[in-house]
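Peer 1: Each chain is listed here by its residues.
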Amino acid sequence: MTAEPVTPEEKAPEEKAPEPAAKKKKSHESAVKLAKVTKRFGDKLAVDELTLNIRAGWIYGLIGPNGAGKTTTFSMMAGYLEPTSGQVEVLGFSSRSVDELRGRLGVLPQDALLPALDRVGEFLIHMARLQGMEKIKAIAAARDVLREVGGLDWWDMRCGTLSHGMAKRVALAQALLGNPDVVLLDEPTAGLDPRVAYEVRQLVKGLKGKCTVVISSHNLQELEEVCDAAAILDHGKLIASGTIAELTAASEEIHVRIGRTSKAQVAAGAAKSPALPLDAIRQIPGVTRYEWDEERRDLGVFFERKQTDAETVIGQVLWALLNAQVRISGVTKGRGLEQRVMDLTDE
Amino acid sequence: MSPATEIALVAGRELKKSIRSVKGIILGILTLLGSFLAVLICIWLESGVREKIGGAGTEAFQDAYEKGAVKAGADPAVAHYVAHMPISLITFLKVLVWVGPLLVALLGFDSVSGDLQHRGVRYWTVRSRRWSYLLGKFFGLWGIVSIVTATLMILSSLAVLIRGYITIGDFFTWGVRCWLISAFIVGTWTSVAIFVSSRFKTPLLALLTTFGAFFCMWLPGFIGWAMRWGSALSSQGDSPEAQAAASSVVSNIRWYEYLYPNGYDDLLLSPKPMHVAAGLGACALYMIVFVGLASALFAKKDV
Chain R
308 MTAEPVTPEE KAPEEKAPEP AAKKKKSHES AVKLAKVTKR FGDKLAVDEL TLNIRAGWIY
368 GLIGPNGAGK TTTFSMMAGY LEPTSGQVEV LGFSSRSVDE LRGRLGVLPQ DALLPALDRV
428 GEFLIHMARL QGMEKIKAIA AARDVLREVG GLDWWDMRCG TLSHGMAKRV ALAQALLGNP
488 DVVLLDEPTA GLDPRVAYEV RQLVKGLKGK CTVVISSHNL QELEEVCDAA AILDHGKLIA
548 SGTIAELTAA SEEIHVRIGR TSKAQVAAGA AKSPALPLDA IRQIPGVTRY EWDEERRDLG
608 VFFERKQTDA ETVIGQVLWA LLNAQVRISG VTKGRGLEQR VMDLTDE
Chain S
4 MSPATEIALV AGRELKKSIR SVKGIILGIL TLLGSFLAVL ICIWLESGVR EKIGGAGTEA
64 FQDAYEKGAV KAGADPAVAH YVAHMPISLI TFLKVLVWVG PLLVALLGFD SVSGDLQHRG
124 VRYWTVRSRR WSYLLGKFFG LWGIVSIVTA TLMILSSLAV LIRGYITIGD FFTWGVRCWL
184 ISAFIVGTWT SVAIFVSSRF KTPLLALLTT FGAFFCMWLP GFIGWAMRWG SALSSQGDSP
244 EAQAAASSVV SNIRWYEYLY PNGYDDLLLS PKPMHVAAGL GACALYMIVF VGLASALFAK
304 KDV
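Chains R and S are the protein sequences, given in the same order.
Reading the first sequence from the start, the letters are residues 308 to 654 in my numbering.
Reading the second sequence from the start, the letters are residues 4 to 306 in my numbering.
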């Protein structure tokens, strides 16, 4: 959670695409709802009675190891796959109700190739027209989203000649066409170089508050940075779900990485391994216990969230450590999503 | 958005894609070369018939033509009717109905399977009804093959027009009718090709299966033809009319011969409205069954 917030690129008002004319609305708090959804491929059970409720306006992550059922769940939300049993609803409609969801659901599928012979602009215009836009509006919308992903220069290029990163961004552009209410992104930054991945992350962050975003990804740091909430899947089952703060226990524990004393400091008379002020830490109001992992040099401090908050505890723990001349390498709230997923999907 | 608009958008894109793809261009060139070959055959055939009847007039020519057609298995009524039609145009019709399935198979095998293979179809399924996507593919393929056959017809007709074998009037009456007949027949092959293409994720498998399916469709036609010739040979003592009737598709068509769409050309050329209606009905039924089945299965398919 260290990235600086970046304002999304300004859009030229005259080139903004108007909203699709006749969106069929249904009032609801859940943007995406899965009720006891099961998917089998022959004998193989890919998703097992999964129930999820993704609130409108959230950026929601689907997390899990390979074979956890993320992509299958994602594909059912997008209507690519039909559940063996259970119900998948997007904006109150079945995920296969194309007419009702036209222009309201944008999807970035994983590994779906763009049509090689189509020019980028022409492809986006075709997609926009299928969403019900008139030709002139479709052109404006296509230019709008292509600018948003930083690819306006590619307008006349054939999709088959784009690099992987460029193709990914064009695919992302088609998902954002017409400002959909729900955007599903499957591995949006997979295979992208760090700079482009960063830009895509900023773009996704910029969607916050404008629409509901569901992201399936292996990149847990990315999800932790971008998402409001997430579901952790394993072997097709829901292992845990909740806000990122809940999942990482960010409001119940902090972790301090203790640095080693440098040779120069030892030479100057400092202790090689200064003793940690564990008693002082234990006496901080609200702190219930601590854990010191010598090998990882990680000090975990657990507290009662009703009595105090993470920021207060961080300040007091750091004060105690600095007074004891302990070197500090880093501080995190909670366990980190990665560690949490490792703990939950360990077996 | 109405399904008709979706279909038009998908079909329009399919047409554009086929025209500019390398495969489409090569096939187009080969088809045009083939059409010139057909013209050469026509010229050779027509010159041969004219030489045979010597300096005799049009009536003698038509008489020789009618007898030849009956001998080749045409229905006597149809043969009499088409005897007024230039040999060139009926030859072109035969070429079109034979080239049609080949073009359909080569242009259409990856029409849907290509999108399924790399999951490109996913960009469409969130925006268009699956059945209208499939219908768009069907009309797009039917359209592009019909455009190629129309080009072939026009170029070939121009060549024989210059040669003096047909008149402009012949082209706009018989020529257009021949093309329409070939287009209806191509529609039936297209429906089967789209059905097969929508069932496979590997285009090569779709291509092989399309050829296999087309062979299975040709086989009943061939069996019917062999049976009719068998009957004709066994009725040697009968009158020539009886022999002709026994060997004719129109008078003696068996139910399974309807499985072979190229056999409908005699029905569609017939002067009798019932025959034409039967031919058109068979074409329509073919298309409805295969496109309908493909749509129903595709709607349930995991993409």
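Be aware that a few hints might be false.
To be verified - Covered, in the sense of this in silico footprint (three residues per stretch, anywhere, with C-beta under 8 Å from a C-beta of chain S), are these stretches of chain R:
#1 431-445
#2 547-558
What the hints assert, rightly or not - Straight-line alpha carbon distances no greater than 27 Å define the calculated BS3-like cross-link-like pairs of lysine-lysine that follow:
#3 R:K442 <-> R:K517
#4 S:K304 <-> R:K351
#5 R:K343 <-> S:K304
#6 R:K544 <-> S:K304
#7 R:K351 <-> S:K97
#8 S:K20 <-> R:K444
#9 S:K55 <-> S:K204
#10 R:K544 <-> S:K303
#11 S:K19 <-> R:K343
#12 S:K19 <-> R:K442
To be verified - Over the 12 Å line for every Cβ pair with chain R, so calculated as not near, a few chain S residues:
#13 E54
#14 G123
#15 A162
#16 M230
Please keep in mind that the hints were generated in silico from the structure rather than gathered at the bench.
Even for Gly, the Cβ is constructed at its ideal location relative to N, Cα and C.
Peer 1: Indicate, hint by hint, whether the structure satisfies it.
Peer 2: Results for each hint:
1. As drawn, the region 431-445 of chain R meets chain S at 6 residues by the rule of a beta-carbon pair under 8 Å; at three or more, the given contact holds.
2. Look at the region 547-558 of chain R against chain S: 0 of its residues bring a Cβ nearer than 8 Å to a Cβ of that chain, fewer than three, so the hint is violated.
3. Of the pairs offered as hints, the one joining K442 (chain R) and K517 (chain R) holds, with about 25 Å between alpha carbons and a cut-off of 27 Å not exceeded.
4. Of the supplied pair hints, the one linking K304 (chain S) and K351 (chain R) holds, its CA atoms being roughly 18 Å apart against a limit of 27 Å.
5. About 21 Å separates the Cα atoms of K343 (chain R) and K304 (chain S), which keeps this hinted pair within 27 Å; it holds.
6. Under the criterion of a C-alpha separation no larger than 27 Å, the hint pairing K544 (chain R) with K304 (chain S) is consistent with the structure, at around 24 Å.
7. Restraint check for K351 (chain R) and K97 (chain S): the C-alpha separation of about 52 Å exceeds 27 Å, so the hint is violated.
8. Only pairs whose Cα atoms come within 27 Å are accepted, and K20 (chain S) paired with K444 (chain R) is accepted, the gap being roughly 23 Å.
9. Taking the CA atoms of K55 (chain S) and K204 (chain S), the gap is about 55 Å. The hint is violated against a cut of 27 Å.
10. Taking the CA atoms of K544 (chain R) and K303 (chain S), the gap is about 24 Å. The hint holds against a cut of 27 Å.
11. For the hint linking K19 (chain S) to K343 (chain R), the alpha-carbon distance of about 44 Å lies beyond 27 Å, and the restraint is violated.
12. Restraint check for K19 (chain S) and K442 (chain R): the C-alpha separation of about 17 Å stays at or below 27 Å, so the hint holds.
13. E54 (chain S), annotated as away from the interface, keeps every beta carbon of chain R farther than 12 Å; the closest lies near 50 Å.
14. The beta carbon of G123 (chain S) sits about 5 Å from the closest Cβ of chain R, which is not more than 12 Å, so the claim that it is off the interface is violated.
15. Against chain R, the non-interface label of A162 (chain S) holds: every CB pair exceeds 12 Å, the least being about 33 Å.
16. The claim that M230 (chain S) lies off the interface holds: its Cβ sits roughly 45 Å from the closest Cβ of chain R, which is beyond the 12 Å cut-off.
Checked against the numbered hints above, the structure breaks hints 2, 7, 9, 11, 14 and satisfies the rest.
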